[in-house]
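Participant: Sequence:
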Amino acid sequence: MQSLLNHITHSHNPFRLLPSSEAAMGLHYKLAVGLEKGHRVTKNESKPRPSRRKGALSKHTKFVRDLIREVCGFAPFERRAMELLKVSKDKRALKFIKKRLGTHLRGKRKRDELSNVLLAQRKAQAHKEKTEHK
Numbered sequence: 001m002q003s004l005l006n007h008i009t010h011s012h013n014p015f016r017l018l019p020s021s022e023a024a025m026g027l028h029y030k031l032a033v034g035l036e037k038g039h040r041v042t043k044n045e046s047k048p049r050p051s052r053r054k055g056a057l058s059k060h061t062k063f064v065r066d067l068i069r070e071v072c073g074f075a076p077f078e079r080r081a082m083e084l085l086k087v088s089k090d091k092r093a094l095k096f097i098k099k100r101l102g103t104h105l106r107g108k109r110k111r112d113e114l115s116n117v118l119l120a121q122r123k124a125q126a127h128k129e130k131t132e133h134k
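Residue numbering for the sequence shown is 1 to 134, as defined by full-length UniProt numbering.
Keep in mind that the hints are not guaranteed to be accurate.
[What the hints assert, rightly or not] Here are the computed lysine-lysine pairs in the PhoX-like style, where the Cα-Cα straight-line distance is at most 20 Å:
(1) Lys-89 to Lys-99
(2) Lys-108 to Lys-95
(3) Lys-98 to Lys-110
(4) Lys-62 to Lys-110
(5) Lys-110 to Lys-99
(6) Lys-108 to Lys-91
(7) Lys-110 to Lys-95
(8) Lys-86 to Lys-123
(9) Lys-108 to Lys-86
(10) Lys-110 to Lys-91
(11) Lys-89 to Lys-110
[To be verified] Pairwise CB distance ranges, derived in the manner of DEER restraints:
(12) Leu-67 to Asn-116: 15 to 25 Å
(13) Lys-91 to Val-41: 50 to 60 Å
(14) Val-71 to Asn-44: 43 to 53 Å
If you are wondering where the hints come from, they were derived from the structure by calculation, not from laboratory data. For every residue, glycine included, the Cβ atom is placed at its ideal position computed from N, Cα and C.
Make the full structure from the sequences, and use the hints.
Facilitator: Below, the structure is given as structure tokens:
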């Protein structure tokens, strides 16, 4: 029995039980393979890559876009899409915008943006009427 145990612990079997001296060197368990094998180490914290920032809106960019929108107004296709949204033709508006912008995702984003603009206009109008009555 002792020779069999000795053979198992000293053979090239990857599932062999490690001697206590090897186990003390930092293996999680006394197995040489598996998910928890290897030395205990502290993971290096990696900084977020600059590519992760792509598309994030900065204050300056938002200011410039809002200024341009205020000066130039909406593009003709945006005005037409807003008219479709006013009469609850959301699906038709999406199809129309998607055709103009090229992709489904861009179309959905533009439709949501224009819906929010219409909502803000309605709120502003309601607020204006409310203050006039007082």
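Participant: All the hints need checking, so say for each whether the structure fits it.
Facilitator: Do the hints match the structure? See the list:
1. A threshold of 20 Å between alpha carbons decides the hint, and for Lys-89 with Lys-99 the separation of about 16 Å falls inside it, so the pair holds.
2. Between Lys-108 and Lys-95 the CA atoms are separated by roughly 9 Å; this keeps the pair inside 20 Å, and the hint holds.
3. This hinted pair checks out: Lys-98 and Lys-110 have alpha carbons roughly 9 Å apart, not beyond 20 Å.
4. About 16 Å separates the Cα atoms of Lys-62 and Lys-110, which keeps this hinted pair within 20 Å; it holds.
5. A threshold of 20 Å between alpha carbons decides the hint, and for Lys-110 with Lys-99 the separation of about 12 Å falls inside it, so the pair holds.
6. With a C-alpha separation of about 10 Å, the suggested pairing of Lys-108 with Lys-91 holds against the 20 Å cut-off.
7. As the CA atoms of Lys-110 and Lys-95 are separated by approximately 11 Å, the hinted pair is consistent with the 20 Å bound.
8. A C-alpha spacing of about 14 Å is found between Lys-86 and Lys-123, which places the hinted pair at or below 20 Å, so the restraint holds.
9. A distance of roughly 16 Å separates the Cα atoms of Lys-108 and Lys-86; the hinted pair therefore holds under the 20 Å criterion.
10. Annotation: proposed proximity of Lys-110 to Lys-91 holds, straight-line Cα distance about 13 Å (limit 20 Å).
11. Note on Lys-89 and Lys-110: the hinted pairing holds, with a Cα-Cα distance of about 15 Å set against a maximum of 20 Å.
12. Look at Leu-67 against Asn-116: about 18 Å separates their beta carbons, and that is inside 15 to 25 Å.
13. Remark: the range hint 50 to 60 Å for Lys-91 to Val-41 is upheld by a beta-carbon distance near 55 Å.
14. Take Val-71 and Asn-44: their Cβ atoms lie about 48 Å apart, and the range 43 to 53 Å holds.
Hint compliance for this structure: no hint is broken.
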